[in-house]
Amino acid sequence: MNGIHDMGGMHGMGPIEREKNEPVFHARWEARVYALNRATGMWGKWNLDASRHSREVIAPAEYLRMSYYEKWLEGTITLLVQTGMITRAELESGKPAQGSVKATPRLTPAMVPQLVSRGIPAIREGAAPPRFQAGQRVRARNMHPVGHTRLPRYARGKFGVIERDHGAYVFPDTNAAFQGEKPQHVYSVRFAARELWGEQASARDSIYIDMWDDYLEHA
Amino acid sequence: MDMSRRGFIAAAGAAAGGDSAHAEEHAHAHQAVPSDPALRTKALESLLVEKGLVDPKALDALIDTFEHKVGPRNGARVVARAWVDPAYKQRLMTNASAAIAELGYSGLQGEHMLVIENTPKVHNLVVCTLCSCYPWPVLGLPPVWYKSAPYRSRAVIDPRGVLREFGLDLADDVEVRVWDSTAELRYLVLPERPAGSEKLTEEQLATLVTRDAMVGVAKVALPGEGARA
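Keeping their order, the protein sequence lines are chains A and B.
Letter 211 of the first sequence, counting from 1, is numbered 211 in the numbering used here, and no numbers are missing.
Letter 169 of the second sequence, counting from 1, is numbered 1169 in the numbering used here, and no numbers are missing.
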């Protein structure tokens, strides 16, 4: 979706504000939101791409107003409600409704080290062969899907060169919509800064963007 | 304040172990804020725990991991090893995930790692314009500025301006490469080893390597020097 989250190249967002000796979390609730997001994600009711999309659908004005973990909180609640794990009424009352879901396995403390150290790989074997090879000139498709995509707007329709083939990965556009993983090759594609931004950019500089086969066409 | 919000605040207050009058008072003090995320989080956690869906001790374990066990010290050890051990550096550049795992770092948001090397003529900078992708096993969770609209919007269109804001003024003949983390690959910048560090041990070198240098918004400096171009 052409949402506010797709920020590359926007102006007017102000200076970059840094904090010395920044804590990992600025408040206990931020830490709880972070952990709740991970723990509920373990149920397999949704996936990483759906989780990202749940934050992208926050209305633009709210997205800009909210702190980072406020967005995570709202996204997590959206997914919990969409998948029927909680209802808005339960959240307001703080009490489970009669006969509500209870059966899903939960993340235990003993499972945490393995979850953290193994992660959740997105690479897949047995995908379709790559459509492109290193050194080939390509064009990012001019596409504007209303759902989740990881093709940033600033690159659409632009010409680049395949730098390397990373292997095949889960395709976010279908995975976020629960329409299957559709694994396909992902490439590092190099775009000259001037191809993206015109004469104001340095002729020496490049932007490297990771792109799936379905985002690219021959040029 | 509408009824649903009042009901929510009262429930959250009860869930927090306080009385609802106190919660109301608290809410009154923050009426300018549309919803208090601390109370909303408490209400959500209490509900999920009561439903048997979440074990609060598992949440504690996750938080402890990312507050105390994972962070930029991990990445600094990887960088220092690469500086002193050419064979390790070779492995790091060709199969970063495996080389990083040799030092015991792996997993969530670092499943598919790539290392990009800074040289006197090439400077690399990492961003995630679409959200907040960042290599957790080696750098921990990202700082607020990395996730903020100003950094995400400007790193790709004005990387040299962004670097100047971080105090790094690159010469015109240095090539800047910006890496937008749009897929599941996660990037770690291998900074240049500072001149004059030849006599330092691997451990001493690791103490010099900063998070910012491994994101590509700074260089590594010897103690007492500014981290400048």
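What the hints contain is simulated information worked out from the structure, not anything from laboratory work.
Quantities reported herein were computed from a predicted structural model and do not represent experimental measurements.
We treat Cβ as the ideally placed atom computed from N, Cα and C, and that holds for glycine.
Each hint should be verified, as a subset may be incorrect.
To be verified - Distance condition first, Cα-Cα at most 35 Å in a straight line; then the derived DSBU-like pairs of lysine-lysine:
{"id": "1", "chain 1": "B", "residue 1": "1057", "chain 2": "B", "residue 2": "1089"}
{"id": "2", "chain 1": "A", "residue 1": "45", "chain 2": "A", "residue 2": "182"}
{"id": "3", "chain 1": "B", "residue 1": "1069", "chain 2": "B", "residue 2": "1057"}
{"id": "4", "chain 1": "B", "residue 1": "1057", "chain 2": "A", "residue 2": "95"}
{"id": "5", "chain 1": "A", "residue 1": "45", "chain 2": "B", "residue 2": "1147"}
{"id": "6", "chain 1": "A", "residue 1": "158", "chain 2": "B", "residue 2": "1121"}
{"id": "7", "chain 1": "B", "residue 1": "1069", "chain 2": "B", "residue 2": "1147"}
{"id": "8", "chain 1": "B", "residue 1": "1089", "chain 2": "A", "residue 2": "20"}
{"id": "9", "chain 1": "B", "residue 1": "1057", "chain 2": "B", "residue 2": "1121"}
{"id": "10", "chain 1": "B", "residue 1": "1147", "chain 2": "B", "residue 2": "1051"}
{"id": "11", "chain 1": "B", "residue 1": "1147", "chain 2": "A", "residue 2": "95"}
{"id": "12", "chain 1": "A", "residue 1": "95", "chain 2": "B", "residue 2": "1089"}
{"id": "13", "chain 1": "B", "residue 1": "1147", "chain 2": "A", "residue 2": "20"}
{"id": "14", "chain 1": "B", "residue 1": "1057", "chain 2": "A", "residue 2": "20"}
{"id": "15", "chain 1": "A", "residue 1": "20", "chain 2": "B", "residue 2": "1199"}
{"id": "16", "chain 1": "B", "residue 1": "1121", "chain 2": "A", "residue 2": "45"}
Stated by the list, open to error - Here are the computed distance ranges between Cβ atoms for each label pair:
{"id": "17", "chain 1": "A", "residue 1": "89", "chain 2": "B", "residue 2": "1060", "range": "23 to 31 Å"}
{"id": "18", "chain 1": "A", "residue 1": "134", "chain 2": "B", "residue 2": "1119", "range": "15 to 23 Å"}
{"id": "19", "chain 1": "B", "residue 1": "1192", "chain 2": "A", "residue 2": "179", "range": "41 to 49 Å"}
{"id": "20", "chain 1": "B", "residue 1": "1068", "chain 2": "A", "residue 2": "121", "range": "22 to 30 Å"}
{"id": "21", "chain 1": "A", "residue 1": "179", "chain 2": "B", "residue 2": "1060", "range": "30 to 38 Å"}
What the hints assert, rightly or not - One-sided and incomplete, this derived list gives chain A residues near chain B with beta-carbon spacing under 8 Å:
{"id": "22", "residue": "31"}
{"id": "23", "residue": "33"}
{"id": "24", "residue": "35"}
{"id": "25", "residue": "57"}
{"id": "26", "residue": "94"}
{"id": "27", "residue": "100"}
{"id": "28", "residue": "117"}
{"id": "29", "residue": "152"}
{"id": "30", "residue": "156"}
{"id": "31", "residue": "158"}
{"id": "32", "residue": "194"}
{"id": "33", "residue": "197"}
Status of the hints after comparison with the structure:
no.	hint	in the structure
1	1057(B) / 1089(B)	violated, 39 Å
2	45(A) / 182(A)	holds, 18 Å
3	1069(B) / 1057(B)	holds, 17 Å
4	1057(B) / 95(A)	holds, 20 Å
5	45(A) / 1147(B)	holds, 26 Å
6	158(A) / 1121(B)	holds, 26 Å
7	1069(B) / 1147(B)	holds, 21 Å
8	1089(B) / 20(A)	holds, 31 Å
9	1057(B) / 1121(B)	violated, 49 Å
10	1147(B) / 1051(B)	holds, 33 Å
11	1147(B) / 95(A)	holds, 34 Å
12	95(A) / 1089(B)	violated, 55 Å
13	1147(B) / 20(A)	holds, 16 Å
14	1057(B) / 20(A)	holds, 30 Å
15	20(A) / 1199(B)	holds, 30 Å
16	1121(B) / 45(A)	violated, 47 Å
17	89(A) / 1060(B): 23 to 31 Å	holds, 29 Å
18	134(A) / 1119(B): 15 to 23 Å	holds, 21 Å
19	1192(B) / 179(A): 41 to 49 Å	holds, 45 Å
20	1068(B) / 121(A): 22 to 30 Å	holds, 25 Å
21	179(A) / 1060(B): 30 to 38 Å	holds, 36 Å
22	31	holds, 4 Å
23	33	holds, 5 Å
24	35	holds, 4 Å
25	57	violated, 13 Å
26	94	holds, 3 Å
27	100	holds, 6 Å
28	117	holds, 4 Å
29	152	holds, 6 Å
30	156	violated, 12 Å
31	158	violated, 12 Å
32	194	violated, 12 Å
33	197	holds, 5 Å
Hint violations for this structure: numbers 1, 9, 12, 16, 25, 30, 31 and 32, all remaining hints satisfied.
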